[in-house]
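Peer 1: Sequence:
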Amino acid sequence: MKAAKLLFHIFISLTAAFLLVGLPTGFVLYHTQSEAPDAVSGASVKLPDKPSGDYVLMLNRSLHEDSFDDWVSFFQNGELNVIFDDINCIAAQSDADALKMADRLIAQLPENQMKLRTENPTLLVSKAENGCIDAAIFSKEMADAMKLRTDMDDNIACIIIKGGEDEK
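Just so we're aligned: the sequence shown equals residues 1 to 168 in my numbering.
Hints in this document: simulated from the structure, not taken from any laboratory.
One or more hints might be untrue.
To be verified - In the DMTMM-like style, the derived pairs of lysine to aspartate or glutamate whose C-alpha atoms are separated by at most 20 Å in a straight line are:
{"hint": "1", "residue 1": "K140", "residue 2": "D151"}
{"hint": "2", "residue 1": "K147", "residue 2": "E129"}
{"hint": "3", "residue 1": "K100", "residue 2": "D69"}
{"hint": "4", "residue 1": "K162", "residue 2": "D151"}
{"hint": "5", "residue 1": "K50", "residue 2": "D85"}
{"hint": "6", "residue 1": "K162", "residue 2": "E141"}
{"hint": "7", "residue 1": "K162", "residue 2": "D103"}
Kindly generate the complete structure, drawing on both the sequences and the hints.
Peer 2: Have a look at this one:
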């Protein structure tokens, strides 16, 4: 009788230990052997395709006094120096090409350095022409259709971005 109680106690103890330790360990080991990158893997972000066409980007100089040249270099050449400045970009709601280019630019920058929002095209043109923006991007077609003035005062810089395929 003592032997039966001892075997029953050992069985219950082993079952409890397996349920408390064995199942969670098996679950963790099973899920860590997936194809997902581990914490020491290098970052590899696939950039969206660079859309073709020309784009007009309007940038407020007064909001980016220290980093203005770096931003211009980034937008024109894709050359990314370390920029310790965030930027808020606005695109017209119906300007799909400008939204694609903005997504491409966002993907090239560190996370959350460039925020994008959309706005009514007429209101956006009015804001851009009056200098009430941080940055605004338009496709050349949208800028022409909305009769966007590119000869602004010294406070707003007009940058032409050339789209197209990346050189390999």
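Peer 1: The structure should be examined with respect to each hint, and the outcome stated for every one.
Peer 2: Against the structure, the hints:
The straight-line distance between the Cα atoms of K140 and D151 is roughly 15 Å, inside the 20 Å bound, and the hint therefore holds. Distance check on the hinted pair: K147 and E129 sit about 11 Å apart at the alpha-carbon level, within 20 Å; holds. With a C-alpha separation of about 24 Å, the suggested pairing of K100 with D69 is violated against the 20 Å cut-off. Of the supplied pair hints, the one linking K162 and D151 holds, its CA atoms being roughly 19 Å apart against a limit of 20 Å.
For a cut-off of 20 Å, the pair hint linking K50 to D85 is broken: about 24 Å separates their Cα positions. Our distance criterion of 20 Å between C-alpha atoms is met by K162 and E141, whose separation comes to about 13 Å. Simply put, K162 and D103 have alpha-carbon atoms about 15 Å apart, close enough for the 20 Å limit, and the pair holds.
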